[in-house]
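Given chain H, put chain Y in place with the hints provided.
Chain by chain, the residues:
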Amino acid sequence: MTTMAPNPRVRLPQRPGDPANVVIRGARILDPAAGIDRVGDLVVRDGVIGGDPAGLEQVDGTGLTVIPGIVDVHVHLRTPGKEHAEDIASGTASAAAGGVVAVLAMPNTQPPTDSPSILGSLVERAGREAVVPTGFIPAITVGQAGESLTEHGDLAEAGAAALSDDGVPVASALVMRRALQYQRATGLLFTLHEEDMSLSGAGVMHEGVVSARIGLAGIPGVSEAVQVARDCALAGYEDARIHICHVSARETVDEIRSAKSRGVQVTAEVTPHHLLLTEDAVGADPDPARFKMNPPLRSEADRQALIEALVDGTIDVIATDHAPHPADEKENPFAEAPFGVIGLETAFAACHTELVQGGRMSLEDLVVRMSTRPAEIFGLPVPSLADGERANLAVLDLGATDRVGDRPYASKSANAAFEGMFFIGRVVMTIAGGQDVYRRGA
Amino acid sequence: MSARASLLGIADLGADDVGRILDTAGRFGQVMDRDIKKVPTLRGRTVVNLFLEPSTRTSTSFELAAKRLSADVLSIKGTGTSMDKGETLKDTILTLEAYDPDVFVIRHPQVGACRLADGYTDASVVNAGDGTGEHPSQALLDLYTVQREVGPIKGLHVAIVGDVLHSRVARSGIRAFTLMGAKVTVVAPPTLVPRHLAEALGAEVSSDIRDIADADIVYVLRMQLERMGAGGFVPSLDEYARMYQVDHARLRPGQRVMHAGPVNRGVEISGALVDDPETLIEAQATNGVVVRMAVLYDVATGAAGGSAQGDAALEAA
Numbered sequence: 001m002t003t004m005a006p007n008p009r010v011r012l013p014q015r016p017g018d019p020a021n022v023v024i025r026g027a028r029i030l031d032p033a034a035g036i037d038r039v040g041d042l043v044v045r046d047g048v049i050g051g052d053p054a055g056l057e058q059v060d061g062t063g064l065t066v067i068p069g070i071v072d073v074h075v076h077l078r079t080p081g082k083e084h085a086e087d088i089a090s091g092t093a094s095a096a097a098g099g100v101v102a103v104l105a106m107p108n109t110q111p112p113t114d115s116p117s118i119l120g121s122l123v124e125r126a127g128r129e130a131v132v133p134t135g136f137i138p139a140i141t142v143g144q145a146g147e148s149l150t151e152h153g154d155l156a157e158a159g160a161a162a163l164s165d166d167g168v169p170v171a172s173a174l175v176m177r178r179a180l181q182y183q184r185a186t187g188l189l190f191t192l193h194e195e196d197m198s199l200s201g202a203g204v205m206h207e208g209v210v211s212a213r214i215g216l217a218g219i220p221g222v223s224e225a226v227q228v229a230r231d232c233a234l235a236g237y238e239d240a241r242i243h244i245c246h247v248s249a250r251e252t253v254d255e256i257r258s259a260k261s262r263g264v265q266v267t268a269e270v271t272p273h274h275l276l277l278t279e280d281a282v283g284a285d286p287d288p289a290r291f292k293m294n295p296p297l298r299s300e301a302d303r304q305a306l307i308e309a310l311v312d313g314t315i316d317v318i319a320t321d322h323a324p325h326p327a328d329e330k331e332n333p334f335a336e337a338p339f340g341v342i343g344l345e346t347a348f349a350a351c352h353t354e355l356v357q358g359g360r361m362s363l364e365d366l367v368v369r370m371s372t373r374p375a376e377i378f379g380l381p382v383p384s385l386a387d388g389e390r391a392n393l394a395v396l397d398l399g400a401t402d403r404v405g406d407r408p409y410a411s412k413s414a415n416a417a418f419e420g421m422f423f424i425g426r427v428v429m430t431i432a433g434g435q436d437v438y439r440r441g442a
Numbered sequence: 001m002s003a004r005a006s007l008l009g010i011a012d013l014g015a016d017d018v019g020r021i022l023d024t025a026g027r028f029g030q031v032m033d034r035d036i037k038k039v040p041t042l043r044g045r046t047v048v049n050l051f052l053e054p055s056t057r058t059s060t061s062f063e064l065a066a067k068r069l070s071a072d073v074l075s076i077k078g079t080g081t082s083m084d085k086g087e088t089l090k091d092t093i094l095t096l097e098a099y100d101p102d103v104f105v106i107r108h109p110q111v112g113a114c115r116l117a118d119g120y121t122d123a124s125v126v127n128a129g130d131g132t133g134e135h136p137s138q139a140l141l142d143l144y145t146v147q148r149e150v151g152p153i154k155g156l157h158v159a160i161v162g163d164v165l166h167s168r169v170a171r172s173g174i175r176a177f178t179l180m181g182a183k184v185t186v187v188a189p190p191t192l193v194p195r196h197l198a199e200a201l202g203a204e205v206s207s208d209i210r211d212i213a214d215a216d217i218v219y220v221l222r223m224q225l226e227r228m229g230a231g232g233f234v235p236s237l238d239e240y241a242r243m244y245q246v247d248h249a250r251l252r253p254g255q256r257v258m259h260a261g262p263v264n265r266g267v268e269i270s271g272a273l274v275d276d277p278e279t280l281i282e283a284q285a286t287n288g289v290v291v292r293m294a295v296l297y298d299v300a301t302g303a304a305g306g307s308a309q310g311d312a313a314l315e316a317a
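If you read the sequences in order, they're chains H and Y.
Count the first sequence with the working numbering and you get residues 1 to 442, in order.
Count the second sequence with the working numbering and you get residues 1 to 317, in order.
Hints were generated in silico from the structure; no laboratory data involved.
Remember, it's a predicted structure, so these values are computed and weren't measured experimentally.
Careful, some of the hints might be misleading.
[Stated by the list, open to error] Covered by chain H, per the in silico footprint, the following chain Y stretches (three or more residues, Cβ under 8 Å): (1) 110-117; (2) 131-141; (3) 197-204.
Glycine is no exception: its CB is placed at the ideal position from the N, C-alpha and C atoms.
One chain only, chain H, in its complex shape (with noise of 0.2 Å):
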């Protein structure tokens, strides 16, 4: 199992607030981690798990199941530089709302997060508006530009939580493999956008029979496999580990077993929107822009090899990649609208419908590979129920059914590829590092 040591130089600040007071009253308490599965309360005073219940505020958990919070190695905040379709409050507050207590945000900024300084000034504004921890992920090279790496040594000691050019691929093996040999000198973990840029050329959506049947031209799931391969191939031979960003193909997922069966510590996130959704809904829609991203939904084989891949543990985790569009750049044809779409408070709720309704994975094994692994793999603190630690929870209706889109996004943007389905679990409270930060209203 490819784990960190939890790494004391990486920086989550969080604003500062009123640390949560309050008992949760017969809710289930489930925390499959740390061995806890019971029915009674929870008590969380001046932000810590425990304690003394007495003159805590009451809160009524009759049916509703509290869970160690939501963990995603995977957002986008767009800032610096497009703070328009999203800021650092309101990215967070999105977060809060989906039960997440902790994010790591991708350096694809303008400009992007490539220097010490830049790390600097995001630290200290999420210091000051940041609603849930919030962690960052700098560049690996310049610019993301690919040819020289960034200050990789500064950046750990600035706090930096790993590595990437999320957005783009590292299309130099040469310098991969120097960012590898460098992770001896920071421990820093890389977490890889994966694509061969020859093999996606002008690609706007999957390579396969929906690209076919309405001209788009195609990102072929081998463009993200190659690349795969390769950097697993870099990473076994460098003894270094990484971390590959929202899986969706499978032929990648094949490459990621074939490595992990040789020992390359390799672990890997998958997105709820390739769990769910495939390039019909590209075909299907009269407005298929809000289902373009980058990897593209891909084909059903390839969304049930997701599924079993999460299942067997060959994909680790569940990240959002939660990437914020205004609307009137998502109101453009296809090719020309931009790549993303918003997944922080929906991300539960997508997942616990498709999986644990669905019938594929228990809700104990969801909420390991929501919080808890994500957590290890990044060094991060675990969010834990367990009786002394800074409380990180979210309150759960699982039964509560809700129309995505219904109410509207903490997100300052609303591209969302759910809109108008319907999920059957809700987040109705959220404490994040030992503050109260969301409370579902009427």
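Below, chain Y alone, put in the same frame as chain H:
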């Protein structure tokens, strides 16, 4: 009740729709044999031709078609993927809405642009070619041409040869011919066929030019040199010509050759074949006007709904 209808792609049509449009084209065709080729059918209606990608024959034939139907015609040409001055397609459509048009005829470099535009206007939208998506009026005039010059489509074997990957003509043509009961075989270099074409559109796929042998119609696609770019879809145009060029030597008597133009002489088709009056190429160009008249009539009068108004308008022709 609005008489609004749009023609966004052959994919949206049934055989009855195609049959109706071809019948209408036939009736307009009779008008074209008269001295005065103008009919009052769309008098007082406004047709906006919005061509945002270079086009000669499609834009001129739509313009002439609209004029022969007595519509007021506004022709706008632009370039680039986004509009000049950064205006979006949505804003261009909303601006032109001020003229209260009845029909937008749109050519755009991006797939799906016409469907997108259709959502922003109450006018009818006719897709005059959207990137590598569809070119439905071309497919309809191809059907019309075959029907007049060869006979019923049903049971014919059509070979479509060349750069299918970049071809909206092919994508609409495969749909249209199969919809009307023809068998379609695509013959092309493996690099110029979408990977899942057979499953997506129901055509047979071959990379051997000899497979045109038992086709009744050999439809030659233009090598879209401007879309080839880097990446070498074919090793060389010379080799392509040797392997896939349609010329007299590769045809047997009775096979009819089509090409939507503009042709690259000596690349996908030999110059001698282009000049051979036995091909249907000139008929395709000629028939463009009446078929586009039928298309404009069909969408503008709501003939798709079979309205009495539409029938009356046609009688006036």
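Query - Within 8 Å of chain H's CB atoms, at least three CB atoms from the region 110-117 of chain Y: coverage verdict - result: holds (count 6)
Query - Coverage criterion applied to the region 197-204 of chain Y (partner chain H; beta-carbon cut 8 Å; 3 residues) - result: holds (count 4)
Query raised in the report: If you look at each residue in the region 131-141 of chain Y, do at least three have a Cβ nearer than 8 Å to any Cβ of chain H?
Result: Result for this restraint: holds, n = 4.
In the structure shown, no violation is registered for any of the earlier numbered hints.
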